[in-house]
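For the sequence shown, UniProt numbering begins at 1 and goes up steadily by one.
No lab work stands behind these hints: they were computed from the structure. Among these hints, one or two may not hold up.
Think about it this way: if two alpha-carbon atoms lie no more than 30 Å apart in a straight line, the pair counts; the simulated BS3-like pairs of lysine-lysine are [stated by the list, open to error]: (1) LYS54 / LYS31; (2) LYS144 / LYS31; (3) LYS122 / LYS38; (4) LYS122 / LYS144; (5) LYS38 / LYS54; (6) LYS144 / LYS38; (7) LYS31 / LYS122; (8) LYS38 / LYS60; (9) LYS31 / LYS60.
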Amino acid sequence: MCPTGTSLPPSRKPADLRSAFDVLDVDRDGKISHDDLKRFYADAGDEIIGTMMKVADLNKDGYVEYEEFENVLRTNKNGISSCVMEDVFNDMDRDGDGKVGHGDLRSYLRSAGIEVNDDDIKAMVSLGSGDDDNDGVTFEGFLKILAI
């Protein structure tokens, strides 16, 4: 598990988190609410949205402020990993080979209630691997997909 309640020194904070935060802050009020997430993840159920809020809303005020968002997505000492995202990646990597392949991704997205076609999955794997013929996406590639 990841430690909580700490923040990164300014030089170690990922540069692209503000743009990701802004995408999720649908109503542009400077904080992410349950409604923001529901509008962004239109196909996600209230249980999934509630879990996301529970994980990220560290001060339990009903909103995810930027600092909380940043804390949840904090990178490790190598600057490539994040606690929550690594857990998601490991959950997606059903066969435990360190890569999320076409089948892993299809299975995970379907279990999350997200319908995508094979071309969409192929495009995601290609984006994350940098190779049309690659057999899977590493964790670093997974982070690349999320940064888009």
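Verification of the supplied hints:
Straight-line distance between C-alpha atoms of LYS54 and LYS31 comes to about 15 Å, which keeps the hinted pair within the 30 Å bound. As the CA atoms of LYS144 and LYS31 are separated by approximately 24 Å, the hinted pair is consistent with the 30 Å bound. For the hint pairing LYS122 with LYS38, the CA-to-CA distance comes to about 26 Å; that is within 30 Å, so the pair holds. Between the alpha carbons of LYS122 and LYS144 the distance comes to roughly 15 Å, so the proposed pair stays at or under 30 Å and holds.
Of the pairs offered as hints, the one joining LYS38 and LYS54 holds, with about 14 Å between alpha carbons and a cut-off of 30 Å not exceeded. Distance check on the hinted pair: LYS144 and LYS38 sit about 23 Å apart at the alpha-carbon level, within 30 Å; holds. Pair hint LYS31 plus LYS122 does not hold up; C-alpha atoms about 33 Å apart against a cutoff of 30 Å. With a C-alpha separation of about 18 Å, the suggested pair LYS38 and LYS60 falls inside the 30 Å cut-off, and the hint holds.
Simply put, LYS31 and LYS60 have alpha-carbon atoms about 13 Å apart, close enough for the 30 Å limit, and the pair holds.
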